[in-house]
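**Q** Here is how the chains run, residue by residue.
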Amino acid sequence: MYRTDMYEGILAETVTINGANGDMINAYMARPLGAGPFSAMVLVHHMPGWDEWYREATFKFANHGYVTLTPNLYFRAGHGTPEDVAAKVRGEGGIPDDQAVGDLAGAMIFLRGLPYGTGKVGIFGTCSGGRHAYLAACRVPGFDAIVDCWGGNVVMTPEQLDTKRPVSPLDYTKDLSCPILGLFGNEDKNPTPEQVDQHEAELKKHNKSYEFHRYEGAGHGFFYYQYPAYRQAQAMDGWQKVFAFLEKVLP
Amino acid sequence: MCTMIVEKINVEGSGKGSGGWIKLDQANVSYDHPFNAPFEHALNIDFVNESLGPSARVAVELSEQAARELVRTILAVLDRAEAGGHLERISADSQVNCATQNE
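Heads up: the sequence lines are chains A and B, in that order. Our numbering applies: residue 1 is where the first sequence begins, and numbers increase by one. Our numbering applies: residue 1 is where the second sequence begins, and numbers increase by one.
A couple of the hints might just be wrong.
Claimed, not checked - Taking lysine to aspartate or glutamate and the DMTMM-like style, the derived pairs with C-alpha atoms no more than 20 Å apart in a straight line are:
hint	chain 1	residue 1	chain 2	residue 2
1	B	16	A	83
2	A	60	A	8
3	B	8	A	92
4	A	174	A	197
5	B	8	A	83
In short, the hints are calculated from the structure, not lab data.
Turn these sequences into a full structure, and let the hints guide you.
**A** In structure tokens:
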């Protein structure tokens, strides 16, 4: 908890990391100044891209004491404004799951190699980023906590599967090796409350450590102050739950 | 959450983006999250020129109702133009492209 008589400093900058297939991609990193040790977080951006909200979120997590890295999962689509790059990816039907998981594994390995870490690395994502975070936390050993904010398409029907998304993330649940916090809006259409029920049932079935919170009066993306979906009270409570969870599982 | 519902078509024409006019070669039509329109999902059309990079884009984000009305209006205008004998011949290249997309 910040006190007014504390010294505080944060370094935030763009770095490069090795992602899927050894590809070099860029990432935004923010870290508290000092010797640490600090726990670390990987943030997974949403479909609208590696945008300002995610750079601010990176800074926010650093402000709460985490070395935080947000890889640009759309690096391979070329460069321009985040919107233009994200529109290109949207036009291509998104990115392959394997590529996203490889990039997030690279981010985790990068963080583990830093000299001021506690050795603990969590992962946080919203929207498609929540889904990608879930996939990574299930498929890549080494994550110590996951925060899934309204990740849709975690529950997929066989008809929804394609070459980029060949497996429903729900099917990897048995491999999840860390506690999960999930935040969802009850008015969301993807995931619907029924899909969140299915997700919860699967976690329960495999005896996973989970904490789900569902908000009335909120739909999809209720943290995003730049969109009409923003819900102030639910967002403030959600952020409190995120940092309380991380304090518990990622000290 | 992203629907990932998208269709691509080849197009011929020009669009005016932030950097001025560009030659268009593709339109990406999606029903997914918009960047600016105040909806969770919108009918998005990105007119692009792939060879010029992600910034070569002319974008619209429409409500479902607006998109359907636009489609009806475009067809109505083309029907009137056809009835009046105003339609220009489509080039052989674009006919080939359209056929490929429809397969």
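**Q** A separate judgement is required for each hint: does it hold in the structure or not?
**A** Each hint, compared with the structure:
1. As the CA atoms of residue 16 of chain B and residue 83 of chain A are separated by approximately 17 Å, the hinted pair is consistent with the 20 Å bound.
2. For the proposed pair residue 60 of chain A and residue 8 of chain A, the alpha carbon gap of about 13 Å is at most 20 Å, so the pair holds.
3. Pair hint residue 8 of chain B plus residue 92 of chain A holds up; C-alpha atoms about 8 Å apart against a cutoff of 20 Å.
4. Straight-line distance between C-alpha atoms of residue 174 of chain A and residue 197 of chain A comes to about 16 Å, which keeps the hinted pair within the 20 Å bound.
5. Of the supplied pair hints, the one linking residue 8 of chain B and residue 83 of chain A holds, its CA atoms being roughly 18 Å apart against a limit of 20 Å.
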